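Q: Residue numbers (our numbering), protein chains in the order written: chain L, 1 to 317; chain W, 318 to 620.
Think of the hints as simulated: they come from the structure by calculation, not from any bench.
Please note that the accuracy of each hint is not assured.
Unchecked claim - Dumping the calculated DSSO-like pairs for lysine-lysine here, alpha-carbon to alpha-carbon at most 30 angstroms: (1) L:108 - L:25; (2) W:525 - W:374; (3) L:117 - L:56; (4) L:234 - W:605; (5) W:347 - W:605; (6) W:411 - W:379; (7) L:267 - L:280; (8) L:34 - W:411; (9) L:34 - W:347; (10) L:69 - W:563; (11) W:347 - L:69; (12) W:548 - W:355; (13) W:355 - L:267; (14) L:127 - L:34; (15) L:267 - W:565; (16) W:351 - L:234; (17) W:374 - L:267; (18) L:34 - W:605; (19) L:56 - L:127.
Quick caveat: nothing in here was measured; it's all calculated off a predicted structure.
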Amino acid sequence: MSKSVLKKSSPLLNGNGISNQISEKRLEVLKTYKIYIGGQFPRTESGRYYVATNSKNEKLANMCLCSRKDFRDAVVSARGAFGSWSGRAAFNRGQILYRVAEMLEGRKAQFIDELVKQDSTRLQAEKEVNLAIDRLVYYSGWCDKYQQVFSSVNPVASSHFNFSVPEPMGVVAAIAAQNNSLIGLVSIIAPIIAGGNTCIVLASNSKPLCAVTFAEVLNSSDLPGGVVNILTGKVAELAPFFADHMDVNATVLCEPDTSLVAMAREKAANNVKRVFSYDKTDWLSAESQSPYYITDLQEIKTTWHPVENIGGAKAGY
Amino acid sequence: MINTKAIPDFSVSPHVDQVGIEERASRFTKRSIKNETKLNGLLLALNMIDLTTLEGKDTDGKVKQLCYKARHLHDAYPGLPTVAAVCVYPSMVKVAKTALGDSGIKVAAVATAFPSGQAPRDVKIRDTKFAIDQGADEIDMVISRGKFHMGEYDFVFDEIAAIKEACGDARLKVILETGELVTYDKVRKASDIAMYAGADFIKTSTGKISPAATMPVTLVMLEAIRDFYYKTGKRIAMKPAGGISKAKLALHYLVMLNEVLGEEWMNNQWFRFGASSLANDILMQLMKQKTGLYQSPDYFSLD
Chain L
1 MSKSVLKKSS
11 PLLNGNGISN
21 QISEKRLEVL
31 KTYKIYIGGQ
41 FPRTESGRYY
51 VATNSKNEKL
61 ANMCLCSRKD
71 FRDAVVSARG
81 AFGSWSGRAA
91 FNRGQILYRV
101 AEMLEGRKAQ
111 FIDELVKQDS
121 TRLQAEKEVN
131 LAIDRLVYYS
141 GWCDKYQQVF
151 SSVNPVASSH
161 FNFSVPEPMG
171 VVAAIAAQNN
181 SLIGLVSIIA
191 PIIAGGNTCI
201 VLASNSKPLC
211 AVTFAEVLNS
221 SDLPGGVVNI
231 LTGKVAELAP
241 FFADHMDVNA
251 TVLCEPDTSL
261 VAMAREKAAN
271 NVKRVFSYDK
281 TDWLSAESQS
291 PYYITDLQEI
301 KTTWHPVENI
311 GGAKAGY
Chain W
318 MINTKAIPDF
328 SVSPHVDQVG
338 IEERASRFTK
348 RSIKNETKLN
358 GLLLALNMID
368 LTTLEGKDTD
378 GKVKQLCYKA
388 RHLHDAYPGL
398 PTVAAVCVYP
408 SMVKVAKTAL
418 GDSGIKVAAV
428 ATAFPSGQAP
438 RDVKIRDTKF
448 AIDQGADEID
458 MVISRGKFHM
468 GEYDFVFDEI
478 AAIKEACGDA
488 RLKVILETGE
498 LVTYDKVRKA
508 SDIAMYAGAD
518 FIKTSTGKIS
528 PAATMPVTLV
538 MLEAIRDFYY
548 KTGKRIAMKP
558 AGGISKAKLA
568 LHYLVMLNEV
578 LGEEWMNNQW
588 FRFGASSLAN
598 DILMQLMKQK
608 TGLYQSPDYF
618 SLD
């Protein structure tokens, strides 16, 4: 193409001969929804996917159909992250949870859009996102307070200073509520990590979009990689592994299916992991947030500390 | 002894194609291994481990505990093999020898001013003889990397030969410390020098320097062993050490061993893993195969 045909001032070409005209009809760049393991966004190792649709049967996205190996990898990173996360100052955990709320606030519009795509009305969607943000702030506040409220100094008959304190259980495998996209997920994750545990969460199978976007929020919130791992896939396929993995210390289920809960309880016996079933909770209600969701995933540990008793002296203060 | 005329000029050791060797090594990690093969591979890898503790803080108690672990890897899994050897400092050889008793597990001692090797030759020989007197079955020596970099190949060669002589019947493992040799060409050259000087094993690393054993560097050494075997008919053993802590990686090494040197090398006479945490990972994989449950380190002994 010679310059005589297209002059330098032509609207189609810039100085390098590259078109910089913005077409009115452009292809939308769609997000690839991937899973969240160890602070990274890999695809499932199995290479499988399923199509998430809404009630009008419109295709929303191709989602990773996670396998047990993805779960295994997630447990490895959750276990790796547990030491430093539980060892952090409780106040710092609170700061990070608050930061998650800040980030979510900033991306509110995106979450509302995704909820609307997944059959919410705009009003419902706005309410759900606001509630999720408030809930994160709520648990952020509890991070450095539940210890005082739930620990005790115990009177004992011998010369010991005896106290009981809650300590995080470890790695928690959770299956989030299947009937909503965001609030169920946030309501499960927040109390788990507020208490110093790390987790692997299986998001809603039918409404998975917000889970992956929420992982992006977590990833930009100073939350160390591996503390929260989010998978997408089928509950029936993955639940047995959530229940029988020997390196998982507790399983949280939000499943109405009683046979699945019974199966989980049975398999959990292998390493005596705790099983919690929140099947009847309405995550949009005010009762669905409480410090007891934190203490469910805490072990109370009691320490007997000998009181030094020199020459019959009494305590000096 | 090898006829001196047969000793080649080490300055013309073959060059290594870096891109090629790394590409080739990565291929071994993509083989499909079926369950039964995997199970046998894991048991074999377990049997090839030199269970190692080489810390300044090692105590008699720590070594005894390690020896107990060597004999009883995981009693919940009956019929497991033991590891091949326990690898300790010379001062711990007697403790290890007593603790291992008649189990058939060998005691390997790192000698020659491990890990730096920066000591006069007579000190290194005394160090070696001390370990032998204490009852070591195998000696792991380090080469003088400084002298090697200065091009004094004769010095390195003579030193290995002198230590080999001090070893008597004990098998000699020569540690090249590949992380300090840096290039594959130098690894190849050092391998050739060690084998011609009388090494029974060539070993990648002390475990104190990073990078330690990698698959490409092990492949370079395995190829040196293969070429040496073709030239002299003498079989040399291989020991990658340091950084191999996952069962899957150990299986990749076995695939590589089988494809480069063949089945004659697939036993603990001719191949070892220098490792401490590898054993537990293999045990966890074996228990996974047996029970179908993903395992937790909580249920395995500390090492």
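Q: Take the hints in turn and mark each one as holding or not.
A: Right, here's what the structure says about each hint:
1. At roughly 27 angstroms between alpha-carbon atoms, residue 108 (chain L) and residue 25 (chain L) fall within 30 angstroms of each other, so this suggested pair holds.
2. Proximity of residue 525 (chain W) to residue 374 (chain W) is assessed by CA-CA distance (about 15 angstroms); at most 30 angstroms being required, the pair is judged to hold.
3. This hinted pair checks out: residue 117 (chain L) and residue 56 (chain L) have alpha carbons roughly 10 angstroms apart, not beyond 30 angstroms.
4. Only pairs whose Cα atoms come within 30 angstroms are accepted, and residue 234 (chain L) paired with residue 605 (chain W) is accepted, the gap being roughly 23 angstroms.
5. Between residue 347 (chain W) and residue 605 (chain W), the direct Cα distance comes to roughly 21 angstroms. Compliance with the 30 angstroms bound is thereby established for this hinted pair.
6. In summary, the hint linking residue 411 (chain W) to residue 379 (chain W) is supported, as the alpha carbons are separated by about 13 angstroms, within the 30 angstroms threshold.
7. As the CA atoms of residue 267 (chain L) and residue 280 (chain L) are separated by approximately 22 angstroms, the hinted pair is consistent with the 30 angstroms bound.
8. With a CA separation close to 56 angstroms, the supplied pair residue 34 (chain L) and residue 411 (chain W) exceeds the 30 angstroms bound.
9. With a C-alpha separation of about 24 angstroms, the suggested pairing of residue 34 (chain L) with residue 347 (chain W) holds against the 30 angstroms cut-off.
10. This hinted pair checks out: residue 69 (chain L) and residue 563 (chain W) have alpha carbons roughly 16 angstroms apart, not beyond 30 angstroms.
11. A distance of roughly 17 angstroms separates the Cα atoms of residue 347 (chain W) and residue 69 (chain L); the hinted pair therefore holds under the 30 angstroms criterion.
12. Restraint check for residue 548 (chain W) and residue 355 (chain W): not satisfied, since their Cα atoms lie roughly 34 angstroms apart, outside the 30 angstroms limit.
13. Annotation: proposed proximity of residue 355 (chain W) to residue 267 (chain L) holds, straight-line Cα distance about 26 angstroms (limit 30 angstroms).
14. Our distance criterion of 30 angstroms between C-alpha atoms is met by residue 127 (chain L) and residue 34 (chain L), whose separation comes to about 26 angstroms.
15. For the hint linking residue 267 (chain L) to residue 565 (chain W), the alpha-carbon distance of about 27 angstroms falls within 30 angstroms, and the restraint holds.
16. For the proposed pair residue 351 (chain W) and residue 234 (chain L), the alpha carbon gap of about 26 angstroms is at most 30 angstroms, so the pair holds.
17. A threshold of 30 angstroms between alpha carbons decides the hint, and for residue 374 (chain W) with residue 267 (chain L) the separation of about 42 angstroms lies outside it, so the pair is violated.
18. At roughly 28 angstroms between alpha-carbon atoms, residue 34 (chain L) and residue 605 (chain W) fall within 30 angstroms of each other, so this suggested pair holds.
19. Using a Cα cut-off of 30 angstroms, the hinted pair residue 56 (chain L) and residue 127 (chain L) holds, with the two alpha carbons roughly 23 angstroms apart.
The structure fails hints 8, 12 and 17 (numbered hints given earlier, in ascending order).
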